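Residue numbers (the UniProt record's numbering), protein chains in the order written: chain Z, 1 to 321; chain G, 1 to 545; chain E, 1 to 276; chain W, 1 to 531.
Take these hints with a grain of salt, some might be off.
[Stated by the list, open to error] Label-pair distances were calculated between CB atoms; the ranges are:
1. G:150 with Z:232: 49 to 59 angstroms
2. G:354 with Z:27: 39 to 49 angstroms
3. Z:27 with E:178: 31 to 41 angstroms
4. G:150 with Z:64: 33 to 43 angstroms
5. Z:248 with G:298: 29 to 39 angstroms
6. G:119 with Z:75: 50 to 60 angstroms
7. W:286 with Z:70: 39 to 49 angstroms
8. G:458 with Z:3: 51 to 61 angstroms
9. Z:47 with W:86: 43 to 53 angstroms
[Said to hold, decoys possible] Under the rule of at most 27 angstroms between Cα atoms (straight-line distance), these lysine-lysine pairs were calculated in the BS3-like manner:
10. Z:60 with E:74
11. W:476 with E:133
12. G:502 with G:517
13. G:60 with G:279
14. E:44 with W:342
15. E:133 with W:286
16. E:5 with G:60
17. E:44 with W:317
Since the hints were derived computationally from the structure, they do not count as laboratory data.
Predicted, not measured: the structure shown is a model, and the values here were computed from it.
Even for Gly, the Cβ is constructed at its ideal location relative to N, Cα and C.
Here's the letter readout for the chains.
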Amino acid sequence: MRYVVKRLLQAIPIVLAIVVLNFFLLQLAEGDAVDVLAGEAGSATPEYMAELRAKFGLDKPLPVQLAVYLKNVVMFDLGYSFRHDMPVSQLILDRLVPTLLLMVATITLAVGFGILLGLVAAMGLNTWRDTAISIFALITYATPLFWVGLMLIVVFSLNLRWFPTSGMENFAMFYEGWDRVKDIAHHLVLPTVTLSLFYLALYTRLMRASMLEQAGQDYVTTARAKGVTENRIMFVHVLRNALLPVVTMAGVQVGALIGGSVIVESVFAWPGLGMLAFEALFSRDLNLLLGIFLLSALLVVAVNLVVDIIYSSLDPRIEVN
Amino acid sequence: MTRLLDITDLHVALPPESQRPYAVEALNLHLEPNEILCVVGESGSGKSLTARAVMGLLPKPRVRIAKGSVNFLGEDLAKVSEERLRAIRGSQISMIFQEPMTALNPVMTIGTQIDEVFRFHEKMPGRERRARALQLLTDVQLPDPEQTLKAYPHELSGGQRQRAMIAMALALDPKILIADEPTTALDVTTQAQVLKLIKQMQASHGTGVLFITHDFGVVADIADRVAVMQNGLLVETGTTDQVLRRPEHPYTKALIGAVPDLVPRAARPRSGATVLRVKNLQKTYRSGGGLFGGKGRVVHAANDVTFDLARGETLGIVGESGSGKSTVARCIVRLNDAEAGEILLGDTDLRPLGRAAMRPHRSKIQMVFQDPFASLNPRTRIGKIIAQGPMMYGASADEAKRKTNELLEIVGLDARAYDRFPHEFSGGQRQRIGIARALALEPQILVADEPVSALDVSIQAQILRLLDEIRDRMNLSMVFITHDLRVAAQVCDRIAVMQRGKVVEIGPTATMFSDPKQPYTQELLAAVPGKDWFSAEDMARVHAT
Amino acid sequence: MTFWKLFARNRGAVVGLGILVLIAVMAATASLFFPADPFSLAGKPMSPPGENGFLLGSDSLGRDVAAGIAHGAKTSLLIGLLATLVAVGIGIVMGALAGYYGGPIDNLLMRVTEMFQTIPSFIFAILLVAIMKPSIESIVIAIAVVSWPAVARLVRGEFLSLRNREFVQACHTLGMSDVRIMLGEILPNCLSPVIVIGSLMVATAILIESGLAFLGLGDPNIMSWGFQIGAGRTLLRSAWWVCTFPGIAILLTVLAINLVGEGINDALNPRLRERT
Amino acid sequence: MNFRIWAAAALCAFGLTAVPAPSQAQEAGGTLVYIVQPEPPSLASFLSTSGPIGLVAPKIYEGLFDYDNDLKIVPALAESYEVSADGKTVTFTLRQGVTWHDGAPFTSADVAFSVMEVLKQVHPRGPNSFREVTSIDTPDEHTAVFNLANPAPYMLRALSSYESPMVPKHLLEGTDLRNSDLATSPVGTGPYKFVEWKKGQYIRLDKNEAYWQDGMPYLDRLVGRFIPDASTRTAAMENGEVMYGAYGAIPNIDAVRLRDTDGFSVTTDGYSMINPMALIEFNTTKPPFDNPAVRKAVSLAIDREFLIENIWFGYGKPATSALSSNFAAVGLYKEGMPNYPKNADVAGAIALLDAAGIMPDANGVRATATLDLIPYGEDWRRAGEYMKQALAEIGIAIELRYEDVPTWLKRIYADYDFDFNVNYFYQLSDPVLGVHRHYGTDQIRQGTHFVNSSRYSNPELDALLAAGAQEADATKRAEIYGQVQEILAEDMPVANLFEMQFLTVYNDKLKEHATSAMGAYGSFDRAWVEQ
């Protein structure tokens with residue numbers, strides 16, 4: 001517990017630095033939220049726009065704006081999205097569940113299959129299986145995400161009619177209870193597959209390399225010298241050690257995943273944070289964008305914490321504390 | 001008595017692009033029950049691959065048995081199925097390795113790893129397996145066996161890990177134990193204990209032991225019979241007494257001759273002038289802790305270390321790993337910063353000097369490092385490695401080149417070495433290059449940190465001879481760090497023994513060996529392997545033949 | 001064994017290198033085979049491959065897809081290489097300083113690195129491009145800014161382990177300056193993994209560029225594969241060739257770079273030499 | 001026609017279209033999922049005319065009138081109206097028994113409040129539409145009398161739910177209008193009630209059981225879905241997950257494909273009130289476009305049919321004047337204007353440039369300029385890429401610039417830091433509403449979007465525009481606008497490219513969704529889905 005608190009305390013300066021950095025970066029961008037709102041509204045007088053700026057607090061000097069924002073953040077208030085006319089925290093929380101769903105499903109699928117494929121490839125080193133898996137991994141990695149996504153829609157939604165094209169739920173039906181869970185899972189399949197195909201390649205290759213490296217270690221010789229079967233050597237001795245770099249990598253990837261899902265969210269109309277951030281950027285919704293950066297930073301910190309805990313359970317040499 | 005193991009005409013083939021076709025060639029060797037057979041040889045002699053060939057653990061398919069048989073109680077292990085081999089391994093023949101840290105799976109408990117031996121060879125209820133494992137740990141004299149069962153390898157010390165490995169190897173009472181340099185990574189006192197343990201266990205179980213080592217001291221302590229290998233060939237075999245005292249083959253003779261004598265050589269007269277004076281040196285390492293509190297561990301690597309060094313003298317600093325001997329050396333050359341104390345070079349205290357202020361003094365103290373592979377930049381040509389020192393101190397390129405060539409000659413290397421890269425040289429040659437680099441600045445003091453411990457014994461002797469020559473020729477003073485008392489005996493005029501950061505005893509070498517005052521010094525001396533065999537008279541005889 | 005011999009042992013790497021050379025040749029000779037501006041309206045719009053004189057078809061404005069791919073190769077490779085060079089440059093400086101000096105400098109620089117790793121990288125890239133206005137330079141900078149932390153961590157790790165190597169200490173005892181030790185002694189020894197990670201980064205950069213283009217953040221004045229994909233994505237169902245051929249070009253390039261990267265890795269990494 | 005006759009004609013039309021005949025037996029019930037793209041910033045149609053708001057809000061709020069596809073008035077909250085002889089008083093008789101979704105009755109007080117306190121104050125176009133309204137009398141609960149300073153015939157065309165929604169006084173009075181809860185949970189009188197808005201996913205509206213039109217709406221529920229990617233929208237349409245997409249939600253290329261697919265249809269109906277026009281705005285204050293010859297050369301060099309055929313896939317009509325040809329119906333459009341060729345007139349353009357003394361340099365370049373592109377989708381980028389090629393033919397070298405919305409708005413309308421800009425404007429139902437803002441000197445309003453960014457100023461034109469706004473006589477008005485169009489064809493501060501035709505793509509199971517001129521901005525009260 002103390003460790004958790006300590007890690008969170010260590011994360012504070014990083015998170016704050018991210019907020020401050022992005023705050024100033026966004027000031028470099030031309031135009032502000034009022035320009036966007038007024039532009040969308042069709043026409044608005046400069047007086048009206050000045051009035052809006054005053055209301056949003058955009059007329060104050062930058063350091064004051066930043067100070068106000070930081071003060072609010074410290075009090076767990078992420079501010080107000082003037083574009084969406086909603087508190088930022090509420091907006092983000094709404095999108096958090098779909099984001100986490102997609103993230104967890106993707107990581108699980110990518111890591112799970114990556115480990116599996118890496119294992120199969122490493123065990124059949126230089127056989128056709130190894131080659132086939134390596135080529136598969138390379139191709140999925142090298143294919144642009146949106147192309148994969150659109151193709152999956154064409155094949156699995158339009159031709160085979162197995163999965164819906166987009167969205168998180170069937171909005172004609174508004175299922176409830178268990179049916180809703182099934183419905184969401186049904187909608188989750190294509191985006192998850194698309195997003196995980198990219199990461200799958202990374203994990204497959206990492207797992208293969210890691211397995212090969214571990215297979216050459218002395219303790220494997222020891223295990224052989226003990227008369228332990230090859231299967232046990234692979235699945236018990238080597239696997240657990242080989243998982244360590246994969247787990248580390250998975251932790252590092254989480255940050256990328258939140259942002260990397262923008263394209264998938266866009267293609268599949270998945271209501272995640274990536275798309276929200278994208279829209280927030282182009283509508284200069286500063287509070288919202290900073291809020292998302294803040295939250296994703298916290299998310300990364302939290303995931304790294306979880307990874308540390310998993311890591312320490314896999315590797316007794318690392319002690320949490 | 002039937003032979004446990006009969007190796008006949010064994011050929012172990014190396015991959016095609018290797019330097020020689022066979023790692024082991026036409027090897028005939030046998031092992032009797034209840035006997036310890038030591039296979040001795042330098043690196044590349046094929047001794048380890050022999051052991052692995054017996055276990056069926058060669059890195060197939062690149063390295064394989066090409067010819068010959070390994071007869072184990074009527075079965076040819078070179079031909080039996082992988083299945084059968086697996087059944088034999090761990091139950092009938094088992095093995096322990098050099099580096100117990102990497103040889104144990106870091107993420108499994110000792111208990112689980114011992115348990116695997118039972119699980120894969122016998123049908124036994126879990127409770128019984130556990131009881132047997134506990135008993136084993138007790139037998140190998142591990143403290144608190146219950147706790148050890150649950151421990152992970154990193155939670156044990158090196159000696160404890162090797163004990164656990166031995167327990168694992170002996171779990172099913174194998175007929176043969178193969179020990180591949182099992183004590184090389186251990187400190188001398190621990191080594192003595194582990195050797196004792198192996199001997200005890202072997203005696204009580206009647207096991208035949210195939211013991212691979214490079215260290216004649218260990219051979220002397222443990223072997224019943226000895227087999228000497230060179231470049232994949234068996235050159236001599238016989239009882240320990242025969243081989244060690246009456247070696248026949250010139251190679252064996254040379255090897256034994258190269259083992260430094262434990263009797264110190266005669267001390268040379270000490271000149272009056274003191275070049276270096278170290279006073280109350282203090283260096284601590286902190287680990288853990290940090291910004292958010294929590295007390296870190298504090299290690300006193302150098303605790304109130306005081307000594308002085310006279311011109312032309314060699315001072316040995318001796319101790320086990322963690323004693324702080326290397327720290328002291330590094331503080332003197334200012335690779336580490338000591339917190340307190342004085343390092344007086346002449347009248348200048350080097351300790352508080354900043355980088356810039358230190359620079360003019362750098363050339364006066366130079367260092368020779370332990371690892372000949374790590375101490376030379378793999379991407380830099382030898383000429384540049386040696387010449388860059390003088391050039392930094394203002395020598396012209398021609399001057400530096402001339403000097404470098406001169407030095408290459410001094411350390412016994414061909415002038416053609418100038419344009420080559422380090423990987424083109426053997427370990428001993430690289431160490432010569434390292435010495436040449438240190439000498440290039442014409443230092444007054446040479447600090448040598450275990451300069452020969454990574455080298456084979458014959459090379460070791462050459463390097464020690466070289467250091468001796470240079471010292472005389474250049475009137476150098478030397479601080480010689482070593483863990484090996486034999487080496488210390490042959491090199492040092494005076495010896496300082498260190499333990500846990502403190503100098504426990506300091507004095508002339510001869511006195512130290514004949515009349516050690518401190519219990520720790522006595523303990524160290526007692527632990528030197530083979531000390532009873534290599535008495536002065538034996539050595540004299542070896543040298544005479 | 002020489003590097004090339006080791007490299008050539010990996011058949012995939014040789015194939016990859018072959019593809020890469022072909023692409024480079026294509027980029028270099030684009031103006032020979034397609035002398036016209038790749039933006040020029042060369043003929044009947046939406047011609048399928050092979051018709052109306054278009055080898056790979058034409059897009060909705062009648063631009064030659066093949067010409068676009070040939071000319072775009074230059075841009076895409078350039079973006080990949082430049083972004084990687086900048087990222088590797090920043091990464092080496094940060095990683096070297098952190099790894100070499102350790103202590104508070106390491107702490108500070110690694111916090112900065114961590115910060116950049118904590119920001120969702122693709123969104124951050126989008127943000128940078130949006131602020132700097134879409135252009136080749138801004139895309140290169142954005143990709144570099146989100147890519148360097150990986151290099152920095154790698155270099156730091158190498159420096160951490162190398163700075164205590166005896167040959168470095170030997171330089172200290174000679175009184176060599178820090179800069180010289182870092183640049184002359186340590187850096188050359190950690191270049192192999194940097195080259196490997198760099199080669200893969202080129203591939204990633206090309207992918208990021210196409211992703212940015214998909215979201216409409218490409219440079220409208222310069223032909224690149226990302227531009228072609230962005231321009232063709234709505235045509236995917238009606239004129240598959242407009243978006244698919246540049247997609248295949250990206251796939252092949254990324255694939256080739258990865259294969260070459262793996263080959264370099266096998267050749268430079270002595271530990272793996274034994275096993276392949 | 002004088003004003004009275006005009007009004008009478010309107011009244012007459014009123015009667016004719018009051019009861020639209022259903023073409024087929026309706027089926028009640030079901031859900032219509034349709035595309036709303038992009039996601040609206042809010043649902044405050046009284047604050048913003050943002051397109052996506054129009055796709056949702058008019059289902060909830062109603063206006064005094066609706067308009068049929070021939071732009072004729074259809075009664076909505078107002079059952080009838082009467083214009084006084086001098087044209088300065090308009091009396092509306094309001095429908096009885098209408099209630100707000102919260103149960104409160106709808107009265108003339110709501111109308112007075114909506115127009116005077118809301119639309120005239122905070123609506124972007126309200127101040128323009130209702131600029132002549134000085135006060136509104138409410139003699140009883142169902143009568144609202146608009147008192148005008150001058151006759152304002154165009155006002156009667158701006159009373160739709162999209163242009164001028166009637167909002168509940170009892171919920172808005174005394175609150176900060178710009179910060180109202182109604183923005184995200186609207187309460188209106190319309191056929192559908194607001195239920196839920198899941199950000200990033202959908203807005204759900206349920207049937208208003210207490211709607212004043214008996215038996216309507218037919219649908220139980222409307223769900224507006226947000227799908228960011230165009231290709232996915234098409235796929236969702238093909239898969240039956242959505243049944244209706246308007247305002248180019250389905251890209252033209254896909255619409256053309258779906259048009260030829262069984263089960264889907266494409267229509268251009270439902271856009272006659274907005275009259276969109278694609279155009280180029282020139283910065284007339286700096287070279288090279290301070291010279292009218294260069295501006296005209298640009299207009300001549302662009303092949304309008306190429307744009308329509310290859311980028312908008314046949315949907316659109318080449319522009320032939322400053323006014324849309326749709327204004328022909330009210331007699332304001334003038335045919336035969338010069339400088340708006342259907343196909344590129346490269347020779348003519350070069351001749352113009354030569355005559356103006358703008359000669360090519362060694363590389364054949366006569367002028368260089370940066371072309372900004374409206375960041376509202378891929379089509380505009382393609383258009384820019386085409387123009388770059390087309391203008392290269394006449395020696396104008398172009399750099400394209402594509403920035404995000406806020407950057408672009410600021411550049412064009414606040415900083416005036418541009419050479420020329422591709423854009424589109426709604427000309428709306430009357431030139432006063434949609435065209436004047438481009439050209440009037442009084443419309444050079446720095447910082448205000450979608451006005452005279454060309455900074456074109458011509459006193460002669462200003463006078464004509466002022467006269468046109470107040471002229472009640474249709475013939476005289478036509479004459480005035482004829483002159484306006486002639487001046488603009490010569491000065492060309494803005495080069496109209498083509499009259500855009502937005503497409504609505506729908507599933508054939510969806511019926512009667514385009515019953516009003518407002519199309520997708522209509523109420524969907526009569527829409528129904530074949531089960």
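Contradicted hints - numbers only
1, 4, 9, 10, 11, 13
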